[in-house]
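Peer 1: Top line first, the protein sequences correspond to chains A and B. Residue numbering for the first sequence follows our numbering, starting at 1 and increasing by one per position. Residue numbering for the second sequence follows our numbering, starting at 1 and increasing by one per position.
Please note that the accuracy of each hint is not assured.
Same chains, same label: a pair holds when it works inside one copy or across any pair of copies.
Claimed, not checked - Straight-line Cα separation of at most 25 Å, SDA-like style, residue types lysine to any residue; simulated pairs: (1) 67 x 296; (2) 302 x 387; (3) 67 x 302; (4) 67 x 294.
Don't read these hints as lab results, they were simulated from the structure.
2 protein chains.
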Amino acid sequence: MEQHSRTDAYTDRYAARAAGMVPSEIRALFAMAARPEVVSLAGGMPNVSALPLDAVGRMVGELVAGKGADVLQYGSAQGDERLREHICDVMSLEGVQASADDVVVTVGAQQALDLITKIFVDPGDVVLAEAPSYVGALGTFASYQADVVHVPLDEAGLIPGALRETLSRLRREGRPVKFLYTVPTFQNPAGVTLTTARRAQILEICAEYDVLVVEDNPYGLLGFDGEPMRALRADDADRVIYLGSFSKTIASGLRVGWVLAPHAVRAKLVLAAESAILCPSNFSQLAVREYLATQPWREQIKDFRELYRTRRDTMLESLEQLMPDGCTWTRPAGGFFVWVTLPEGLDAKAMAPRAIAERVAYVPGTGFYADGTGHSHMRLSYCFPEPHRIREGVRRLAAVVEDEIRLRDTFGGAVTDGGTGVQAPGPDVV
Amino acid sequence: MEQHSRTDAYTDRYAARAAGMVPSEIRALFAMAARPEVVSLAGGMPNVSALPLDAVGRMVGELVAGKGADVLQYGSAQGDERLREHICDVMSLEGVQASADDVVVTVGAQQALDLITKIFVDPGDVVLAEAPSYVGALGTFASYQADVVHVPLDEAGLIPGALRETLSRLRREGRPVKFLYTVPTFQNPAGVTLTTARRAQILEICAEYDVLVVEDNPYGLLGFDGEPMRALRADDADRVIYLGSFSKTIASGLRVGWVLAPHAVRAKLVLAAESAILCPSNFSQLAVREYLATQPWREQIKDFRELYRTRRDTMLESLEQLMPDGCTWTRPAGGFFVWVTLPEGLDAKAMAPRAIAERVAYVPGTGFYADGTGHSHMRLSYCFPEPHRIREGVRRLAAVVEDEIRLRDTFGGAVTDGGTGVQAPGPDVV
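Extracted from the complex, chain A is given alone in its bound form (with noise of 0.2 Å):
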């Protein structure tokens, strides 16, 4: 009784953003996917075995050893200046030219995303965010209890004239919006890039609306063909918020990403940093530092990408040769992600039990949307498991969705709950 008391007094204590804090529904099923005997194809992890493993380890060796007064010491609150002129670097592979200055290093792209929410967003106000979105951007926004309002997109990706008639509606409802938030490239979790000429539209779009755009760009350089994307900030300085990280092109677990932002918005991020972490960990800054001045980092790249290609390959291929009639996917030139539409009748999250007891793993449609749609999708992940597990995880899941049409068929229509599908985003889903 004392301990049930205990928990209720705590909630009545808690900060009003603290209700949008819940957990996943799907966390419980996770926990039962880390099995090995599960096949995930739920998970955004890149595949760090792929490093040169060695060669990373005796690098870092040396670099305490070396420099360990600096490597073991607090840093800058804006990150290691070195280390954001490298940052400009590769962001130029993207047509980005920019100032070390304007870059701040955050613990992973995630920080960045909750340091411009916390500085940009009332209670109440809006964001824009495509449909489907990230699933860890969701969780920010409703831990600073911003109102998510979706714009569609498309095999092309977000839709310019969709995002036109929201904000002239929005326009017309008296809700300015804080930002776009959008994944243009290889987008998470649907897998979809926005073309060049729709770039141009969208940016286009945003100035007349007079909207900021926050672009978060994990995988730009893991495309599939030919150079990279040309990143909508290149195009826009002024408008164009850019998240960037080195969680899919070195090593998630280094927890180092960036933003760059216009001058006077990253002053302000980086007050907002030190209130939050005081710095980011040198220790990891100098490792990614150290990691692109002497490691051969292109070719690690162009490996990665070759990595992963084989990958999407063997999951399309899968998809194709073993998927039951009614269900459609998106085809990723580059990333993670494949974004599956099953039959009309059929519940992704309803299934998601199913497919466990199956002994394969998916993240439900559900996850990546704040309106409590996207119950008809999957995302699947194809960056993690190797390409015999991902066509033994697709042939799985297949005999699970034909189960679940013959049930349709003689039962009807799965029922979908009306929740809404906000979440903490958890590590497993990223």
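Once you have looked at the hints, place chain B on chain A.
Peer 2: Chain B only, in chain A's frame:
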């Protein structure tokens, strides 16, 4: 002009809380204080060079080479489980009995402060803090628009009678208190330690008024005499949220801290951590875990203690010998800081530029108060400079103070401004 109007446009877009994020007025001074000819008694940087850097480098190198697939991968938002078990061992040195399941690993204790404030504090909510209090905590509280109410301390730490009076007054005013924030042991900035007798009284008063306690204890193991103090958390597991850090006992550049909270609160903290950073760095966490598992960390802490004790002694002796009459200061039994009170009519903030000109830096007391007071105080740190530099720094400082006394006697007391002291902390003044 375009640039200017842009800047204004951003300003209009910020959240209300961003108004509380303002740069420190002394930041420009600190840039100058970083010059080698200046003796800095300002920073709270631990002496990480005292670590066996070769051995730590070797350990880290082998860790990455041997366990890279874990070290470089995403982890759980709560933090590595085996590290959390080690953390419980560390806390047991201060009498704390805890389960690893109630610990959340954070990006330094600063992030723990941020997450706690985020889940508990609505704009305008009252947070109690010592007068003076840790500048970084005040920055975090300001960033969530908390209303900080100070409670005075003396040589024996937070004054129980003053706490009771404050709580009673706030109750009469109908203003509920979200929590009491305290650094009971080797306090930052005052260098004082809450006595055992007062610990019981403080807990009793907080129980009577049903107030949560946030116990921030980064210096607890760095005492110069006898056994570590018993933590407040050791005597009230339900009411006290405990913050710890490896920044001072291992290395600040790793950014590994933690929070131990009642179970229900811990669950909220994990969700808040997920939306803030997804997960803490495995690279840093597993380095700490390996260090605690394989290196003689207890002996290393003893070495740190001896090193800081010598510096504390040097500083106290120098102050005794060199400072003019009318100055008083605390005598810390551990930690990093001495708190100096200047003679009547002197203003430590106004004096700071003149001190820098004389090649010595300190933190003016105003940074440690949310209410614009603290002008007659300054924080001196002895943790980082070599003893001969400490002596030289105090010599220079004493000369500056003597000049100020002469000026006061000739022209009357200093004019102090009434601005609030709330500032973003800055890693240079931790």
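Peer 1: Work down the list of hints and note, for each, if the structure agrees.
Peer 2: Comparing the hints with the structure gives:
| no. | hint | verdict |
| --- | --- | --- |
| 1 | 67 x 296 | both (21 Å within a copy, 21 Å between copies) |
| 2 | 302 x 387 | within (18 Å within a copy, 52 Å between copies) |
| 3 | 67 x 302 | between (30 Å within a copy, 23 Å between copies) |
| 4 | 67 x 294 | both (15 Å within a copy, 21 Å between copies) |
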